[in-house]
Amino acid sequence: MLFELNLDAYVQARINYEVRNNVAFADDQFVMELSRPTLDYRSYLELPAFLFMTLSYCFFFSFYRVGASNVAPTTWPAAWLVFFLAFWLNPLPIFRRQARYWFLRVLFRVCTPGYSRVEFIAFFLADELNSLVYTMQNFYFIGCAYGHHWPGNVFTVCPSGKQWPYGLLLCLPALSRLIQCLKRWYDSRLGIHLINAGKYLSVILQQCLFVLWRSRGSEFHDASFIVWVIIATISATYTCSWDLVVDWSLFRPNAGLLRQDLGYGNHLVYYIAIVTNILIRFVFIWYIPASARHTRLRSFFFALAEMLRRWQWNFFRVETEHLGNADAYRVTREIPLPYRRVEHDIDDEDFGDSHQTPKKTNPLSVRLDRFRRGLVGESAGRGPGALNVGARGHAGQREYEARRPGDLRRRNTDAGGDNGEV
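Numbering that gives the first Met the number 0 numbers the first residue of the sequence shown as 0 and each following residue consecutively.
I should point out that these hints are in silico values taken from the structure, not numbers from a laboratory. Treat the hints with caution; some may be incorrect.
Derived EDC-like pairs (lysine to aspartate or glutamate); straight-line CA-CA distance at most 20 angstroms [said to hold, decoys possible]:
1. K161 - E118
2. K161 - D221
3. K182 - E118
4. K198 - E118
5. K198 - E45
6. K198 - E127
Pair by pair, the computed Cβ-Cβ distance ranges are [said to hold, decoys possible]:
7. P76 - S298: 29 to 39 angstroms
8. F94 - P362: 49 to 59 angstroms
9. P92 - S298: 18 to 28 angstroms
10. F154 - P362: 22 to 32 angstroms
11. G190 - T155: 41 to 51 angstroms
12. L307 - L103: 48 to 58 angstroms
13. T236 - Q162: 26 to 36 angstroms
Owing to the predicted nature of the structure, the values given are computational and were not obtained by experimental measurement. Even for Gly, the Cβ is constructed at its ideal location relative to N, Cα and C.
Make a model of the complete structure from these sequences and hints.
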C-alpha cells in the first residue's frame with residue numbers, strides 16, 4: 000500500500016513511470032512498463048486495499064473466534080491465503096484482470112532470471128523482494144506450524160531462522176538479482192554488472208552465515224559469529240555505497256553532495272534519505288548485544304525498517320531512471336522555446352547570473368564523481384555518440400545502471416559547444 004505514495008510522488012514530480020500510448024515496443028517502455036489505460040496511480044490502491052480489507056476480516060474472525068465451534072481460529076489465515084491466490088489467478092475480467100496478469104508476468108520473469116532480457120521492472124521488483132525476505136521466510140514457519148497443528152510450543156517445534164529452509168528463502172531474492180546481473184553482463188559485456196553481482200553475492204553470504212550462527216546456538220564466542228559480522232559489515236558498506244553513488248547518483252561535484260538535476264523540489268529529503276539509508280543498512284549491529292531476549296521482536300522491527308527503507312529507495316531510484324531517460328533523449332523534461340529568452344529573465348534567478356563567481360569545487364565530491372564515472376562508464380546509453388543499432392534504431396540492451404543523469408550532458412560539454420545540452 001505504501002507504493003501508492005511512490006506513484007503519487009512520481010506524478011507530482013512529473014516523473015514518467017508508465018508506457019506511452021499503451022504501445023508494447025521496448026523503446027516505448029520508459030521505466031516501469033505500466034499503462035495508464037490499464038492502471039493509473041489513483042486506481043492502483045484498489046487492489047492492495049481490497050486484499051488488506053479481507054485480511055482484516057480474517058483477523059477479526061480469528062481473534063474473536065467466530066464460528067469456533069465448527070472452525071478453528073487458525074483456519075481463517077489459511078483461508079485468506081487460498082483466497083489471495085484465487086484472487087490473483089482469477090481469469091474473469093473483474094478486479095483489474097489486466098493489471099493482475101501483468102504483475103504475474105513480471106513475477107514470472109523475476110522467478111526465471113536469465114531466461115529473457117532483463118528490463119527495469121524485472122530487477123526493480125526483484126529488489127523489492129530483497130526487502131521482503133522476512134515475510135518470505137515466514138512462509139516456511141506457517142507451513143511448519145500448520146503441519147504440526149499449531150502446538151503450544153510452536154516456536155520450539157518450528158524455530159525461526161535456525162534451519163536451512165530459512166536460509167534458502169532468505170537467499171532466493173538476492174540469487175535472482177545475482178543471475179539477472181550475470182545475464183546483463185553476458186548481453187552487454189559491461190563490467191559494472193559484475194560489480195553489481197558481487198553486491199548480491201555478499202548479501203547471500205551474509206544471510207547464510209546469519210542462519211549458520213543462529214543454528215549453532217547464537218553464541219558470541221563462536222567463529223561463525225565473527226565471520227558473519229565481518230561479511231555483514233562488508234555487505235552493508237557495499238550495498239549502501241551502491242544505493243547512494245549508483246542507484247541514486249548522488250555525491251556529484253558542486254551539488255552539495257547531491258546532483259545538479261533533482262526531480263523533487265525539497266533538497267532536505269535527499270539528506271534525510273542518505274542518513275536513514277545508512278542507518279538501516281547497518282541495522283544488523285543491533286543483533287550483536289549479548290542478550291538473546293526478544294530476538295523475534297527485534298527481527299520484526301528490523302524487517303519493518305528495511306521495508307520502509309526500500310519504500311524510500313523507490314522515490315529516488317525511479318527518479319534517477321527518469322532523469323537518465325531524459326539525458327538519453329527518451330523523454331523530454333524541458334521543451335525548447337521557439338524564441339530567444341531575455342538574458343536576465345526572472346526564471347533564471349535560481350541558476351544565478353553568468354558573471355557570478357563560480358562555486359568552489361569540493362575535492363571529495365570530485366574524487367567520488369571520478370570513481371563513479373570510472374565505475375559505471377560514460378560511453379553507454381543513448382546519445383549523440385551512440386551507435387544506431389537494434390530495433391528501431393535504439394540500442395539493443397538498455398543499460399540502466401550504466402547511464403546516470405548528467406553523464407551525456409557532461410560528455411557533450413567536454414566535447415565542445417553547447418549543442419549537447421538537454
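Hint-by-hint comparison with the structure:
no. : hint                            : in the structure
1   : K161 - E118                     : 35 angstroms, violated
2   : K161 - D221                     : 15 angstroms, holds
3   : K182 - E118                     : 11 angstroms, holds
4   : K198 - E118                     : 19 angstroms, holds
5   : K198 - E45                      : 35 angstroms, violated
6   : K198 - E127                     : 16 angstroms, holds
7   : P76 - S298: 29 to 39 angstroms  : 20 angstroms, violated
8   : F94 - P362: 49 to 59 angstroms  : 56 angstroms, holds
9   : P92 - S298: 18 to 28 angstroms  : 41 angstroms, violated
10  : F154 - P362: 22 to 32 angstroms : 54 angstroms, violated
11  : G190 - T155: 41 to 51 angstroms : 48 angstroms, holds
12  : L307 - L103: 48 to 58 angstroms : 26 angstroms, violated
13  : T236 - Q162: 26 to 36 angstroms : 29 angstroms, holds
Figure legend: structure checked against the earlier numbered hints; hints not met, in rising order: 1, 5, 7, 9, 10 and 12.
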